[in-house]
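J.: Residue numbers (my numbering), protein chains in the order written: chain A, 1 to 170; chain B, 171 to 550.
Calculated directly from the structure, the hints in this document are not laboratory data. These numbers were taken from a predicted model, which means no experiment stands behind them. Please note that a few of the clues may not be correct.
Unchecked claim - Partner residues are not named here, just some residues of chain A that face chain B (Cβ under 8 Å, in silico): (1) Ile43; (2) Tyr108; (3) Leu112; (4) Ala126; (5) Asp129.
Said to hold, decoys possible - Computed cross-link-like contacts, EDC-like style, restricted to lysine to aspartate or glutamate with a CA-CA straight-line distance of at most 20 Å: (6) B:Lys375 with A:Asp45; (7) B:Lys376 with A:Glu143; (8) B:Lys434 with B:Glu539; (9) B:Lys309 with B:Glu291; (10) A:Lys37 with B:Glu367; (11) B:Lys376 with A:Asp45; (12) B:Lys380 with B:Glu538; (13) B:Lys375 with B:Glu539; (14) B:Lys342 with A:Glu47; (15) A:Lys41 with B:Asp366; (16) B:Lys270 with B:Glu291; (17) B:Lys293 with B:Glu264; (18) A:Lys61 with A:Asp45; (19) A:Lys41 with B:Glu358; (20) B:Lys377 with A:Asp45; (21) B:Lys375 with B:Glu264; (22) B:Lys309 with B:Asp366; (23) A:Lys90 with A:Glu80; (24) A:Lys161 with A:Glu143; (25) B:Lys343 with A:Asp45; (26) B:Lys343 with A:Glu47; (27) A:Lys37 with B:Glu306; (28) B:Lys377 with A:Glu47; (29) B:Lys293 with B:Glu306; (30) A:Lys61 with A:Glu72; (31) B:Lys342 with A:Asp45; (32) B:Lys380 with A:Glu47; (33) B:Lys380 with A:Asp45; (34) B:Lys495 with B:Glu231; (35) A:Lys33 with B:Glu358; (36) A:Lys41 with B:Glu291; (37) B:Lys375 with A:Glu72; (38) B:Lys351 with A:Glu47; (39) B:Lys375 with A:Glu47; (40) B:Lys376 with B:Asp366.
Glycine included, each C-beta is placed from N, C-alpha and C at the ideal position.
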Amino acid sequence: MFILEINPLVLPDIGLVFWNTIAFVVLLVILGKFAWKPMLKAILDRENGIEEALLRADKMKAEIATMQNENETLLAKAREERATLIKEAKEASEKMIADAKEKAKSEYDRILADAQLAIQQQKNAAITDVKNQVGGLVIDVAEKILRKELSNKAEQEAYIKQLAEGVKLN
Amino acid sequence: MYLNRFKSLLVVSLSLVAILFSTVVMANENVVVADTNKVAAATEAAVPHAAKEEGEFNVTETILEHIKDDHSWHLWGHTSIYLPVILHTSKGFEVFSSEKFMNEHHEPVVYHGNFDYKLVEGKTKVVNAAGEVDEEASKQLLDISITKNVASLFVSVLIILIVILSAANAYKKTGVTTAPKGIQSLMEPIVLFVRDELAIPNIGKKKYAKFMPFLLTVFFLILTNNFLGLIPFFPGGANVSGNIAFTMMLAVCVFIVVNLSANKNYWEHIFWMPGMHWSMKLFLAPIELIGVFTKPISLMIRLFANITAGHILVLSLICIIFIFKTVFASAIAVPFAVFIGVIELLVAFLQAYIFTMLTAMYIGMANEEHHHEHADAAHH
Numbered sequence: 001m002f003i004l005e006i007n008p009l010v011l012p013d014i015g016l017v018f019w020n021t022i023a024f025v026v027l028l029v030i031l032g033k034f035a036w037k038p039m040l041k042a043i044l045d046r047e048n049g050i051e052e053a054l055l056r057a058d059k060m061k062a063e064i065a066t067m068q069n070e071n072e073t074l075l076a077k078a079r080e081e082r083a084t085l086i087k088e089a090k091e092a093s094e095k096m097i098a099d100a101k102e103k104a105k106s107e108y109d110r111i112l113a114d115a116q117l118a119i120q121q122q123k124n125a126a127i128t129d130v131k132n133q134v135g136g137l138v139i140d141v142a143e144k145i146l147r148k149e150l151s152n153k154a155e156q157e158a159y160i161k162q163l164a165e166g167v168k169l170n
Numbered sequence: 171m172y173l174n175r176f177k178s179l180l181v182v183s184l185s186l187v188a189i190l191f192s193t194v195v196m197a198n199e200n201v202v203v204a205d206t207n208k209v210a211a212a213t214e215a216a217v218p219h220a221a222k223e224e225g226e227f228n229v230t231e232t233i234l235e236h237i238k239d240d241h242s243w244h245l246w247g248h249t250s251i252y253l254p255v256i257l258h259t260s261k262g263f264e265v266f267s268s269e270k271f272m273n274e275h276h277e278p279v280v281y282h283g284n285f286d287y288k289l290v291e292g293k294t295k296v297v298n299a300a301g302e303v304d305e306e307a308s309k310q311l312l313d314i315s316i317t318k319n320v321a322s323l324f325v326s327v328l329i330i331l332i333v334i335l336s337a338a339n340a341y342k343k344t345g346v347t348t349a350p351k352g353i354q355s356l357m358e359p360i361v362l363f364v365r366d367e368l369a370i371p372n373i374g375k376k377k378y379a380k381f382m383p384f385l386l387t388v389f390f391l392i393l394t395n396n397f398l399g400l401i402p403f404f405p406g407g408a409n410v411s412g413n414i415a416f417t418m419m420l421a422v423c424v425f426i427v428v429n430l431s432a433n434k435n436y437w438e439h440i441f442w443m444p445g446m447h448w449s450m451k452l453f454l455a456p457i458e459l460i461g462v463f464t465k466p467i468s469l470m471i472r473l474f475a476n477i478t479a480g481h482i483l484v485l486s487l488i489c490i491i492f493i494f495k496t497v498f499a500s501a502i503a504v505p506f507a508v509f510i511g512v513i514e515l516l517v518a519f520l521q522a523y524i525f526t527m528l529t530a531m532y533i534g535m536a537n538e539e540h541h542h543e544h545a546d547a548a549h550h
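Next comes chain A alone, as it looks inside the complex:
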């Protein structure tokens, strides 16, 4: 008997259902259009932004790391280059000095040789000159002597004979 009598607490009132439905639908429409959509979109946008920013930061970090690596390799390369340059320069300068020394030496030798040659030549020339003069003198003397001696015919002939004999021996 009592079971059939429904407790008013569990009996929905038609007026309440009516107003509840209106309130809920109004709330759903207004909030759905003006609040939830922009809100969720904004939150999603922000999340995407943060994600992108993080990704970008990671990318940047990697880029910076590669850049640093590159820098280091470049630096190392530059250092190496500098070392080789210095080495080469040193070598070049040493070579230059050595060459200069050698050149100087060879020049010196050449000058020395030239000088010696010139001395020799002049010496020879002088000797020849002396010889020529001496020869001239001898011839003069000999001429004078011969002229004097060849005044008699017999002696002249004897002498020619003697000379001729001398030629034969040569």
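Starting from the known structure of chain A, arrange chain B on it as the hints suggest.
T.: Here is chain B on its own, set in the frame of chain A:
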């Protein structure tokens, strides 16, 4: 899966039994109240302190009065807001203040409108010239009055609109690049909670966005009304979320959303369970069909029963003072009432959470893409 279904079915039937049983108990009490000479021992055993009658104070009536809807909203002392009564009769609409139901001595009187109306147990009834309730004419009456619950609901809707719209406007003003500020920073974690803990895990990343406005609105409406119901004075004090009409409306909305969004798979699983023997399919179809209805019904009963139970508990504890008629009883009653009140704060959030989570789960179940090719292959 089926175990869960059966379990939920069991829970629903048990709660139904419990509610019907409580009806019996309360009805019994009414009998007891009516007939003061016969105090039934059985009723006392069922409701130990509520059934005792001490002079003019009636605990059951007091508690039910606080839980039930009303035409006036009590502010303080003898001051109340008299809310408008809106009636639709065969002679058209009629609007008048509920103050007309009372005379200057706060005694119920008959109001002479298109018909003669009188408040009987909080409900507007048509009475005849002799002052007796005319049941035939009363059935013709469509009562869409702005009652206490409706007014409280409007207040909560207003609060939600103000708070949420101002939070939403903050995004327009500050853009998305700055951190949330003020009310926006209070709302955003809740919105994110609903999205990340309720919607996405239950519905899935692909389809959740479509249901977010519904879930968020349901969540905030329940939460706000639960909290407003815990405030013992104006603008709280009404028991909106512990009213079966409110929870029924939400459950019907859930039912509509779930079944309108449901895909082919869902209906296939209900009427012709794949991967089963045909006899099993025939056996499962009615059970699954009942499940379609028990799911929203369980939502309705759960919210209603939880909130109402909380209110009854707090009121019962406060009533202890009036039962013992001594102020010293408050030494026990007040700390307990505060303790229960704090638990009710938790329950207020928890029930909003559970309602929304289960709604999301049902939507997720209705939208699930099943892959059971291997099961079919094994069957054939």
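J.: Does the structure keep Lys343 of chain B and Glu47 of chain A at a Cα separation of 20 Å or less?
T.: holds, 18 Å
J.: Please verify whether Lys376 of chain B and Asp366 of chain B have alpha carbons no more than 20 Å apart.
T.: Cα-Cα ~13 Å, so holds.
J.: Given the hinted pair Lys342 of chain B and Asp45 of chain A, is their Cα-Cα distance within 20 Å?
T.: Holds, because 12 Å separates the two Cα atoms, which is no more than 20 Å.
J.: What's the verdict on Lys380 of chain B and Glu538 of chain B, does the C-alpha distance respect the 20 Å limit or exceed it?
T.: holds, 14 Å
J.: Measure nothing beyond the straight line between the CA atoms of Lys309 of chain B and Glu291 of chain B; if it is 20 Å or shorter, mark the hint as holding.
T.: holds, 16 Å
J.: Holds or violated: are the alpha carbons of Lys41 of chain A and Asp366 of chain B at most 20 Å from each other?
T.: holds, 14 Å
J.: Given the hinted pair Lys161 of chain A and Glu143 of chain A, is their Cα-Cα distance within 20 Å?
T.: This hinted pair holds, its Cα atoms lying about 18 Å apart.
J.: Lys37 of chain A and Glu367 of chain B: Cα distance at most 20 Å?
T.: holds, 19 Å
J.: Going by Cβ atoms only, is Ala126 of chain A closer than 8 Å to chain B?
T.: Interface hint status for Ala126 of chain A: violated (110 Å vs cutoff 8 Å).
J.: Have a go at the Tyr108 of chain A hint: is there a Cβ in chain B nearer than 8 Å to its own Cβ?
T.: Status violated, d = 85 Å.
J.: Would the hint linking Lys495 of chain B and Glu231 of chain B be met if the CA-CA limit is 20 Å?
T.: holds, 17 Å
J.: Quickly compare the C-alpha distance for Lys41 of chain A and Glu291 of chain B to 20 Å and report which way the hint goes.
T.: Given pair Lys41 of chain A, Glu291 of chain B is violated - Cα atoms ~49 Å apart, limit 20 Å.
Checked against the numbered hints given earlier, the structure breaks hints 2, 3, 4, 5, 7, 18, 21, 22, 27, 36 and 37 and satisfies all the rest.
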